[in-house]
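Chains as they are written, first to last, in numbering that gives the first Met the number 0: chain A, 0 to 274; chain B, 0 to 303.
Hint data in this document are derived by calculation from the structure and do not stem from the laboratory. Built from N, CA and C at the ideal position, the CB exists for glycine as well. Mixed in with the good hints, there may be bad ones.
What the hints assert, rightly or not - Derived list of chain A stretches under chain B, where covered just means 3 residues or more per stretch with a C-beta under 8 Å from a C-beta of chain B:
id: 1; region: 173-179
id: 2; region: 187-201
As the list claims (entries may be wrong) - Residues of chain A clear of chain B, computed beta-carbon distances all greater than 10 Å:
id: 3; residue: L9
id: 4; residue: T243
id: 5; residue: R268
Spelled out, the chains give:
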Amino acid sequence: MRSLPVRAALLSLVLLLVGAGLWEAASTAPESAEAVSEYDMLVAGAGEKARVPGPSAVIAHAWAALSDPFYDRGSNDKGIGIQLGYSVGRVLTGYLLAALVAIPIGFVIGMSPLWQRALDPFIQVLKPVSPLAWMPLALFVIQDSALSAIFVIFICSIWPMLINTAFGVASVRRDYINVARTLELGRLRTALTVILPAAAPTIFTGMRISISIAWLVIVAAEMLVGGTGIGYYVWNEWNNLNLTSVIFSILMIGVVGMLLDRLLAGAARFVQYVD
Amino acid sequence: MTTADSRFVQVDGLSRSFPGERGGEALTVFEQVNFAIARGEFICVIGHSGCGKSTILNILAGLDQPSQGVALMEGREIAGPSLDHGVIFQNHSLLPWQSTLQNVSFAVAARHRDWSRAQILAHSRQYLDLVGLNGVEDRRPSQLSGGMRQRVGIARAFAIEPKLLLMDEPFGALDALTRGTIQDELVRICQQTTQTAFMITHDVDEAMLLADKILLMTNGPKARIAEIVEVSLPRPRSRSTVIFEPNYYPIRNHLVDFLVSRSKTFRDQPPTGYDPRHPPQVRPQADGSAAPQHPATSGAPHDP
Ligand SMILES: Nc1ncnc2c1ncn2[C@@H]1O[C@H](COP(=O)(O)OP(=O)(O)OP(=O)(O)O)[C@@H](O)[C@H]1O
Ligand SMILES: [Mg+2]
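Take these sequences, add in the hints, and give me the full structure.
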């Protein structure tokens, strides 16, 4: 009996092979040696056209695309690596700006019931707005499509970080604060040396939620603003009717999203503590 | 001893009420609490759960404010928390993201802001040694046993050398064996440092081992200090020998009797002549002098 991780990995592999096999089978045309009616021909012909490419086609495409991911042949023909790079760059810029705003404000909200109550109505109204709804306003005010995409990422990243920071700070155990008070630490020192480390795991949870949402939103945002980025690329390939490339892009979006999440999960381990 | 020393800490007419839920009647936890702590004295407080012991301790720590009355230390009102009042909290409250050493050095650095890093660490190590905790400096509280955590809390409190040490059931969560070892350590450290201390406990034997005086509180609400019991046992005391002192069982029986029966009735039927501003100071002795008002000591479980 092998260990659980090994068995899980084997099972994953089996599922992958079965899934890919079914997909491949569904995507190859059935051999129609029988007498074919005109109708059959018609349907088969239409099916041939609309058929989703199978895994072998996607793998072949992936091999080609990943062997030269960074080629650049003009504005409409760039490697997948470059497109993903643009998207990751936008996500990180918008996300880091959001962190710079959300964490301090979340701190203030968490520490001051007055500010918490005063800002609550604004947060309640703004939070449920789809980040893409800001896009027209951003395009109008900023007058730059790339910056507007960053702004949209900024807006959608703010809320989870803000709310988690406020919650984490507000729920720091009273005992820790009392320790700081009996040691006569000032407000700033208490915030930095006691409240911040105590709330850090909760803050990081918010940061993880934010980066996932940002990565979800960037694809849609780039489909809207065009130019560069993985979202634009997917849309462009769809317009070229290159479904193999679309499927490959979907997988790459998933992989990059997972890496971003793993990155933050790894960072969060440094601030984790056992109570 | 000068009066300044005998009234190092002075508590006058202290009461604390909490506003009732949604306009309900306010809850007065205790009222008319008066006592003094002399410099170098060790005071224990015993009383049933909810009578306001932790609240009094928080007021002495400056973490809570009384509704009436005043708490003074060295003649000045205790207005807020300060490094002069070290606190060992009911649940150790070490910072879980810091190592053992950091938990202590963090406090030492707050106390001695002009010290160098090396000085701070040396001082912290010295106090970790004092509680027998060398070799676990880099472990986090979650990697320590309950007894070790409590010792880190003790080291931290002692390391800042507070004028008044406040302890809220510091050993409440420990098993009897560990508790005994740490009690012995505390006895030794307090003797070395002549620390003034105020400690809450539910353990009669612990109070008798450590205290010079024991404050007995009636049940709440509107709890008061019923009596101040002098622990007339010679020092140095140790757990193994103190039980052979002739006064040991008279004192113990007096305390147990109070907890078991008198604490319930005391508030509503105080003995004649009782004045909460000057709670009677009693010194139970083997010959039965200053014995409790109604002698109910014979049935106590450990009577020799
Ligand atoms: N912040 C608060 N608001 C309202 N009531 C409170 C508050 N703090 C304490 N009390 C009440 O005051 C009373 C005394 O509480 P306290 O914690 O001082 O008791 P205690 O004697 O330390 O009890 P224990 O032995 O269980 O620790 C309790 O009835 C409690 O409900
Ligand atoms: Mg208590």
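Against the structure, the hints come out as follows:
1. 173-179: holds (count 4)
2. 187-201: holds (count 5)
3. L9: Correct as stated: the minimum Cβ-Cβ distance to chain B is 35 Å, above 10 Å.
4. T243: 49 Å, holds
5. R268: 12 Å, holds
No hint from the list above goes unmet by this structure.
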